[in-house]
Amino acid sequence: MTDRSTIKTKGETVCLIVTINGSPRTGSRTGVLLNDIVEAISTRVHAKTETIDLGAESGEIFSGVSRDKISERGGALVSLAERADLIVVGSPIYRGTYTGLFKHFFDLIDRDRMAGKAAVLSATGASLQHALSIEHQFRPLMGFFNIMTAATAPFATDSDFNSSRQISSETILNQIKRAAIEAEILLSGRKVLTSSPGATP
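Using the numbering used here, read the sequence shown as starting at 738 and increasing by one per residue.
Worth double-checking, as some hints may not be accurate.
With a Cα cut of at most 27 Å, we get these calculated DSSO-like pairs of lysine-lysine [stated by the list, open to error]:
hint	residue 1	residue 2
1	K785	K914
2	K785	K840
3	K806	K840
Derived CB-CB ranges, DEER-like [as the list claims (entries may be wrong)]:
hint	residue 1	residue 2	range
4	L865	S901	18 to 26 Å
5	D805	S864	37 to 45 Å
6	K806	H783	31 to 39 Å
7	S901	G926	30 to 38 Å
8	K806	S864	35 to 43 Å
9	R832	S803	34 to 42 Å
10	A813	R762	18 to 26 Å
11	T908	R850	32 to 40 Å
12	S896	H783	29 to 37 Å
13	S803	S901	35 to 43 Å
14	A888	H841	26 to 34 Å
Calculated directly from the structure, the hints in this document are not laboratory data.
For clarity, every value in this text was computed on a predicted model and none was experimentally measured.
All C-beta atoms in this analysis are idealised placements derived from N, C-alpha and C, irrespective of residue type, glycine included.
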């Protein structure tokens, strides 16, 4: 779990953005993509950002099959996700879907605590044949939790990164910019929703 600096740009209320990286490997392309998305969002909203690197924390997450069985640190990571105003999630695609690590983490999350939150989805894969996993796997999972998702979901292949493992594709960079705009809109809508009488998110 990485705590990054609070970024002051627009708005008066600090929102909490939590990145959830489902890659089992540290220094992954998925992590690079997620970082770029969060940086783009952070130029548009007044936010504090934190990162949950599931690969680095796998021992804490897989220490039990249910929330009451995982470690104290694992529980703190789950609680962090539940406190977020916006989650930015990503995973490499293996055999047509997100990693088991990513799914297990969401199996531990309280559904009611996620209702009305916002999310930006992203993924990486060896080729574009995996791109539809976002629509067929990620988005339904977010729907189960009643999470509002940005329409634009960046999907990057190996060829979208340069030799320094940075994103070099203009297409992906433009998708990131668009996703950041949509995240700002979702957060604005969430603010209105939570301030309405009888709202529960």
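**Q.** Hints not upheld, ascending by number
**A.** Hint 9 contradicted; others consistent.
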